[in-house]
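Engineer: We have chain A already, so just place chain B on it with the hints.
2 protein chains.
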Amino acid sequence: MRWWGWGEDHDASPLSARAQELVGAMLGVEPSAPPAERGGPESVALPAPALDAPARTALDKAVGAEHVLDDHAARLRCAAGRSYPDLVRLRSGALDHAPDAVVRPADEAQVAAVLAACAQSGVAVVPFGGGTSVVGGVDAVRGAHHAAIALDLTRMDRVLDLDPKSLTARVEPGLMGPELERRLGNAGLTLGHYPQSFEYSTVGGWVATRSAGQASTGVGRIDELVQAVRCQTPAGVLDTRDVPASAAGPSLRELVVGSEGVLGVITAATLHVRDAPRARRYEAWSVGTFAQGAEAMRRLEQAGAHPDVCRLSDEAETQLTAAMGSSGGRAERLGRAYLRLRGQEEGCLLIAGFEGSDDDVIRRRGRFAEMLRAAGGVFLGERWGQAWRHGRFAAPYLRDELMDRGVMVDTLETACSWSALGATHDAVGAAIGQALADRGTPGLVMCHVSHLYSSGASLYFTFIAPQERGAELDQWRAAKTAAGDAIEAAGATITHHHAVGRDHAPWMPTEVGPLGLEALRALKTRLDPQAIMNPGKLLPDA
Amino acid sequence: MRWWGWGEDHDASPLSARAQELVGAMLGVEPSAPPAERGGPESVALPAPALDAPARTALDKAVGAEHVLDDHAARLRCAAGRSYPDLVRLRSGALDHAPDAVVRPADEAQVAAVLAACAQSGVAVVPFGGGTSVVGGVDAVRGAHHAAIALDLTRMDRVLDLDPKSLTARVEPGLMGPELERRLGNAGLTLGHYPQSFEYSTVGGWVATRSAGQASTGVGRIDELVQAVRCQTPAGVLDTRDVPASAAGPSLRELVVGSEGVLGVITAATLHVRDAPRARRYEAWSVGTFAQGAEAMRRLEQAGAHPDVCRLSDEAETQLTAAMGSSGGRAERLGRAYLRLRGQEEGCLLIAGFEGSDDDVIRRRGRFAEMLRAAGGVFLGERWGQAWRHGRFAAPYLRDELMDRGVMVDTLETACSWSALGATHDAVGAAIGQALADRGTPGLVMCHVSHLYSSGASLYFTFIAPQERGAELDQWRAAKTAAGDAIEAAGATITHHHAVGRDHAPWMPTEVGPLGLEALRALKTRLDPQAIMNPGKLLPDA
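Chains as they are written, first to last, in my numbering: chain A, 409 to 950; chain B, 409 to 950.
Pulled out of the complex, with its shape left as it was, chain A reads as follows (with noise of 0.2 Å):
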């Protein structure tokens, strides 16, 4: 991962000429150039080193001393997750946070171990797989201890089980998206969660942030997928019953599920797995305005007709990514004028996937078809559709560029129900957009919804805006807690699936109520009595 942005160079395409002159007269400003060279990542002044020598000998014994690094590279390395804010401070050459040691573990013994050694000596413990969290997640904050470490648990990658005829494989947390999926894809299986992070991001950080990824629509959520888990906490173990279902009390899974590190690690978890697709088809359509369109996904959704992957991108969302992907083209001045024929020059963009048996894709998407028809959707074509599974995982590398170009941007989620959809969207939009505004950045602010559920869905916005030079970070708090206000006041939820984290932390206690955060800090003070686990996260301070 580069140090100051997502992902690795090979995968990074620049800015064309044609996409900057368009965010430049979008946003009203000139983008600035990008930096001539970039230093090093031995440019980033990290905070002293704090780790005392009793534990640093404790931690030594617990996973062997090659195991515990405190080098720059380290520390920097999981200094930090990858939202807009965590870049600001990467790039600005300074963190007010970073571990002071990075701690690997090969098996649940040793973070066992590693967990007995922070709680007798002081340590605040951040369990760290890909750090590709969004929202403030994995800073190493010290809480009431005199240092903190990263648990990094990317030694621990083993299929523990796999059980192809019950379609469930039991992994440890540390394995990545695409190594997990190219070892369910030797035995003919796959997962199918793509979070936007999935090319760096694990199974235990999926779980403990209650991932949703961008097939969820059709596969399910994280929190659908997990059967069973395993969770060390200082306290010992909490392991749950590994079976299809039980009505035997609450369920100690939903509680690990979405813990985020503050009541212990996940050292296993047993997934549903299906049948690897044979089949894939990607598509675009139009449909007349983003109401029309939402109305008609709720129907798609409450008759079980709906994609796996669904995306219908607002009036604004549209736009821009039709001028980005704009080649100016014959085809293109065709496409436009049969939609304009259809009367939906000004339409909302669609797109849709289906991945299965080649029987199955067919009859969903035929069906798919015929209602969204039905409902005056106007086919595109798979081309945008392929584009846009191509691209799937990309959107991290065009923020780089933009911020390289002194641009803002960032996005946020919610979910509500298809009563509250129009209104949050409108208010949500509106709150974020005042915001720049009232900053003197006046932006531009798209969504689209991302998710469907029968009840409601989620909405996913990005905004971008010319940076605020100097205050930066100032600039985004402003629209974050409009945004949050916002989707607190409609009655939403603050995250869909990006998690809680330190930055969407303020509005938990209205999320959960008084009494629910009460709940969860018993819980959090009988596993973790020394609240050494992952300090500052989740659970506003009291």
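No lab work stands behind these hints, which were simulated from the structure alone. Since the model is a prediction, treat every value here as computed from it, not as a measurement. Don't be surprised by glycine CBs; every beta carbon is placed ideally from N, CA and C. Among the hints, a few may not be true.
[Said to hold, decoys possible] A short, non-exhaustive set of chain A residues, derived as facing chain B with CB atoms under 8 Å: (1) A502; (2) L503; (3) S574; (4) E662; (5) T819; (6) C824; (7) H912; (8) P914; (9) G924.
[What the hints assert, rightly or not] If you want the ones that stay clear, here's a sample from chain B, every Cβ over 10 Å from chain A, calculated: (10) R446; (11) A552; (12) R682.
[To be verified] Using C-beta positions, here's what the derived DEER-type ranges look like: (13) A/R791 with B/R791: 51 to 57 Å; (14) A/R791 with B/E778: 49 to 55 Å; (15) B/G899 with A/V496: 27 to 33 Å; (16) B/G712 with A/H798: 25 to 31 Å; (17) B/A699 with A/R563: 39 to 45 Å; (18) B/A838 with A/A795: 34 to 40 Å; (19) A/S765 with B/D846: 19 to 25 Å; (20) A/R563 with B/G712: 33 to 39 Å; (21) B/G712 with A/A802: 28 to 34 Å; (22) A/D846 with B/G712: 49 to 55 Å; (23) B/G551 with A/A950: 26 to 32 Å; (24) A/R771 with B/V496: 36 to 42 Å.
Structural biologist: Using the frame of chain A, we list chain B on its own:
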């Protein structure tokens, strides 16, 4: 509800002479004569009421004196659930437990007032809906308190909100199954949750016990049908965000679902509803063996081609079902000849039910039938399917008839992975059979698969044996313990949908692990610091 058994006289039907003969032949003993006459409810001795005057005054103030009942009839009505041991105790003419009063709140504010009064006066609170628990979930255990009340929630039976666009209904806990479906039906909607207790159980009870309905393979368990829940605890209100999905931390909803009244009182739940079905098709099939049938069910479920209702009887249950339903007539002889011709005279019965729109039922049934036929299934027609549907809530009446004749009959259930299904079926069946034989009362054990999941299924066992007169409860406990231990040893769950109550509490340490129990206890201590909520249930004594 009949004080000594299930339901109401007008829905009961006497055991046919042929069925009596058959049971006698199977068990090797002559059924005893049914009681010539039965005493009235006043013949059952209850413990002396213990509610002290200050507590009574406080409760009168909380809900109005006319809603605090302490007459014998009211106390008896809420004194027991409807398990086999409950009925043995009721019929014995004396109960160890009965509520000292029955308190009937009108709304959440009154629930809060009752909990405050009870915490203040040292009174245990047993939430009570329909009183159909089969695991001792409503026994009026006083715990460390001087008295116990049954909190009868049936006055809280409002539909608080109906959102046909988002397909959700927010309802109060005391709404009974038939009335809920009637009110939803008026809006063209259904919940579709049909536990065998449907006619006498409540929404609050379903949610509190993590119930499954007969059609849960199709519409999902109650855990999947609850979007949000509100719970009045002694420490305040827990209220989960009413959104389709969220990544905001551990799920408090999943802590309240299945909490069996030990944390607080569920005062509202938002449920996922759906369009009322226009078409229904119930039919019967025969498959060669239980193992072949289970394998076919697995493939159907994993291909998404399962029915909404699916019950696969093993050889023993099939033979008894056939014999009990036998008319000895010509159609039946022809049917047997047909099966013999297809090599399945000794086959296993499979009941499949489909509900939905006309198109949907035709499409899904067609795919199911094609796959099942390819797996060797023989179609038996709709008659037996319709007969099953007609009698779907009647089994408890049959239990009363058998008990009247000196026959023990009980059921228990579990769930496990497909890989473990055959071994679990055999081990649990053998354990029950051996336990009954060891008591000198050899019996009959049969089983069906009742619910399908991608990773496994539930197994529902029925066992009958001659009652051991004077030691009915010891006899029952021997069989129950043997079954529970076998389930535990098989790695299955102690309960798929009957919940924990008192009867399954001994297996909770294995089910959730020692630390899981401690986590639940910590949660209870925070929410119910004086431990007034439903003592003795769910959590085994520490």
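Engineer: Each hint should be assessed against the structure and marked as holding or not.
Structural biologist: Outcome of the hint check:
| no. | hint | verdict |
| --- | --- | --- |
| 1 | A502 | violated (31 Å) |
| 2 | L503 | violated (26 Å) |
| 3 | S574 | holds (4 Å) |
| 4 | E662 | holds (3 Å) |
| 5 | T819 | violated (14 Å) |
| 6 | C824 | holds (6 Å) |
| 7 | H912 | holds (7 Å) |
| 8 | P914 | violated (12 Å) |
| 9 | G924 | holds (5 Å) |
| 10 | R446 | holds (33 Å) |
| 11 | A552 | holds (21 Å) |
| 12 | R682 | violated (8 Å) |
| 13 | A/R791 with B/R791: 51 to 57 Å | holds (54 Å) |
| 14 | A/R791 with B/E778: 49 to 55 Å | violated (35 Å) |
| 15 | B/G899 with A/V496: 27 to 33 Å | violated (50 Å) |
| 16 | B/G712 with A/H798: 25 to 31 Å | holds (28 Å) |
| 17 | B/A699 with A/R563: 39 to 45 Å | holds (42 Å) |
| 18 | B/A838 with A/A795: 34 to 40 Å | violated (60 Å) |
| 19 | A/S765 with B/D846: 19 to 25 Å | violated (50 Å) |
| 20 | A/R563 with B/G712: 33 to 39 Å | holds (37 Å) |
| 21 | B/G712 with A/A802: 28 to 34 Å | holds (32 Å) |
| 22 | A/D846 with B/G712: 49 to 55 Å | holds (50 Å) |
| 23 | B/G551 with A/A950: 26 to 32 Å | holds (31 Å) |
| 24 | A/R771 with B/V496: 36 to 42 Å | violated (53 Å) |
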